[in-house]
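Following the hints, position chain B against chain A.
There are 2 protein chains.
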Amino acid sequence: MDAASRPQGFADPGKATSARQPPRVSLEARLLRRLIVGLGEPPIEFMLDWTGERVAPKGVAPLGSVRIADRQTLLGLLRNPRLGFGDAYSDGHLEIEGDLVQLLGFVYRSSKPSGPGSSLGQRLGEWLNRPRRNTLHGSRENIHRHYDLGNDFYALWLDRTMSYTCAYFPTAEATLEQAQVAKMDHVCRKLRLRAGDSVVEAGCGWGSLALHMASRYGAKVRAFNISGEQIRYARQRAKDLGLDGRVEYIEDDYRNITGRYDVFVSVGMLEHVGRENYAQLGRVVRNALSAEGRGLIHSIGRNRPQPLHAWIERRIFPGAYAPSLGEMTQIFEPWDLSVIDVENIRLHYALTLRQWLARYESALEQVRARFDEFFVRMWRLYLAGSIAAFETGTMQLFQVLFTIQENNQLPLTREYMYPR
Amino acid sequence: MDAASRPQGFADPGKATSARQPPRVSLEARLLRRLIVGLGEPPIEFMLDWTGERVAPKGVAPLGSVRIADRQTLLGLLRNPRLGFGDAYSDGHLEIEGDLVQLLGFVYRSSKPSGPGSSLGQRLGEWLNRPRRNTLHGSRENIHRHYDLGNDFYALWLDRTMSYTCAYFPTAEATLEQAQVAKMDHVCRKLRLRAGDSVVEAGCGWGSLALHMASRYGAKVRAFNISGEQIRYARQRAKDLGLDGRVEYIEDDYRNITGRYDVFVSVGMLEHVGRENYAQLGRVVRNALSAEGRGLIHSIGRNRPQPLHAWIERRIFPGAYAPSLGEMTQIFEPWDLSVIDVENIRLHYALTLRQWLARYESALEQVRARFDEFFVRMWRLYLAGSIAAFETGTMQLFQVLFTIQENNQLPLTREYMYPR
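Those sequence lines, one after another, are chains A and B. Take 93 as the starting number for the first sequence in my numbering and just add one per residue. Take 93 as the starting number for the second sequence in my numbering and just add one per residue.
Don't read these hints as lab results, they were simulated from the structure.
Computed from the model, here is a short list of chain B residues facing chain A with C-beta under 7 Å:
#1 Phe261
#2 Asn395
#3 Ser416
#4 Leu417
#5 Gly418
#6 Thr421
#7 Ser430
#8 Val431
#9 Asp433
#10 Val434
#11 Thr484
#12 Glu498
#13 Leu504
#14 Glu507
#15 Tyr510
Heads up, incomplete: computed chain A residues facing chain B, CB under 10 Å, no partners named:
#16 Phe261
#17 Ser416
#18 Glu419
#19 Phe424
#20 Leu439
#21 Leu443
#22 Glu483
#23 Gly485
#24 Thr486
#25 Val492
#26 Ile496
#27 Gln497
#28 Glu498
#29 Asn500
#30 Met509
Here the structure is a predicted model, which is why all the values come from computation and not from measurement. Just so you know, even glycine gets a beta-carbon here, dropped at the ideal spot from N, CA and C.
Here chain A stands alone, though its shape is the one from the complex (with noise of 0.2 Å):
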């Protein structure tokens, strides 16, 4: 952001100050300054409405701006930076000027952890920030409080597959519908799915690669899912194609998969498993698979073992977690599990979220007659930070492919996957 488009309404410039300038900086600057350094000093300028005051890091231009209302407010940073700037902007106390998804950048690029280990105060921190756990009952509430929004509102926003996970982009101009498809036809790739195979899919969202597996492939798919409100909208979807007889919508927990069948497939359920969960699934999994199966696992994740921003969890995602790969190896190495190829396609997660943001604002209307302004901004904040966190690389996102461990039956090249 250059001078000229920096926002208005800010105190007199003059009152701009620095650490380097203690006789006319208040308290509160001052522990603002110290937040600033704790941040990894980002590029931006912070103002506190109450005393005027600017406060940004020492010999950078700033590129973007944020506003705070009070001095409460301040003291909510202060507690707990990511959780108190989510609700702090949630609720209207903290406005951002300029740009929401590059402001967000700034601050995932400045932050950036590095090199190994981790001290008592980083672990005591995770641990105070540790994700809700995942029993049967715990995941169900999670799952609930999330996915059970309403469809309708999800519906305002996602393309019309229903598809709520990362899209697979041929092309960046494609549409996001026609990178939903190509995401689906990507992991039926993958998995050489063919005509007649059974196929078991765990968290099945709104239904639509099942039904994509079962019309396009000839798939017969079972696939489960906690989310009363998904489960129901995908069986009726699947009523309305014809297609109940090939694909069944079952109301229950992965851990509760019985059954052998060639495929197993998962998109976008791994965060909601939590970590403590792995070797469970990884048992479930073997269990599923025929001895020539083929599973595929697709999945938010992280360059290195770290709790969910605590924002996300609390307020968006509760009990959710993204592993690091070395994490999710451990659903596949206590079961002699082969990792056949992975894929981080992280950067589609990006674009994903860049066109439902948009379409989220041309939603808003019709948001704003379901939801008040605090979930409008917080669901907003939700979607601008995770384009920047995807683009930063602050996240990434995995898909797994694995079998059994002795399946000579995959070709040898990967070049099936890329049909022209």
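Leaving out everything else, chain B in the frame of chain A:
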């Protein structure tokens, strides 16, 4: 192997026995029976030459035969089955009737572990079989013992490019040399190698990849290796090809790499790094990569953490270890390196090794001119056992492509790896 093709010269079939017939069974046969159970009862018949007894798993038609020459050899097998088998085969006191690769495949298939956790006994065994340390000095010793056996020995059975790592077969019918060139191209494509790129290679073997990168892609390569024999050979090749201005071979440890590069590449060195040095390797990689740098590590791997086969580590690759994918992530995660792509090409290694074994058998006369019969048989067992290990999924081959955290320059899809 059917009855008709069963090898001749066995003792009187009337003396065939099993653990169910204790009165007529020698102590040796009973001990061997316990060993067979411990091995998971592979469909193999064991013949004790000095008693004329045959021992086979109960209720299974044997598909292969092993003849044990004397009591001493049996005791060696009982003490340490893996080490004992390899040593007894090498010195000729253990003979295989029929197809060696097939028989070793039966052994691998029957001895699969399953489920998480490991007993104290297993862990003790792993500690006793732990690989030799890879300190700067230890690595030199370990590498010298394998790679400095003589360039002319390796030239007998490697292809013309002198590539001693897993090849990449575009089709199963490709020649070994075609597949080795295809492997180099596959690696270069994954890395999006372009003219003018600077490359650092860790563990360059006889130098073929570095030459390929310079001659076909216009890269400038610094290649590290601590095998004096290999470096000498590689330098001569570069000179002969007029590439010594673009490729520099450095006789030094990867830990002494300095400078920044567009590309870090390491094909078949990680097996010699040692788990204890993975985070250190990650630091070397992180420091060597420019902001838009790409890296690739190609290594033999496992489905779960497990020591290398004891005989292989003792007699063939001192100090070697094949990591699970989870263990490999310990290279990347401390430094926020982003894993972009993982490909498991273990079946390509089985194809590669089949070609090496066939060429080795064709060159036996020349091998015998250099080495004694113990070496000749040891090397055959190493190649045959490796085929069996990769075909049964006991061993994996991972190619891991990575970048520093925020490198948004790679193409959206992997189609660029598959030009047509």
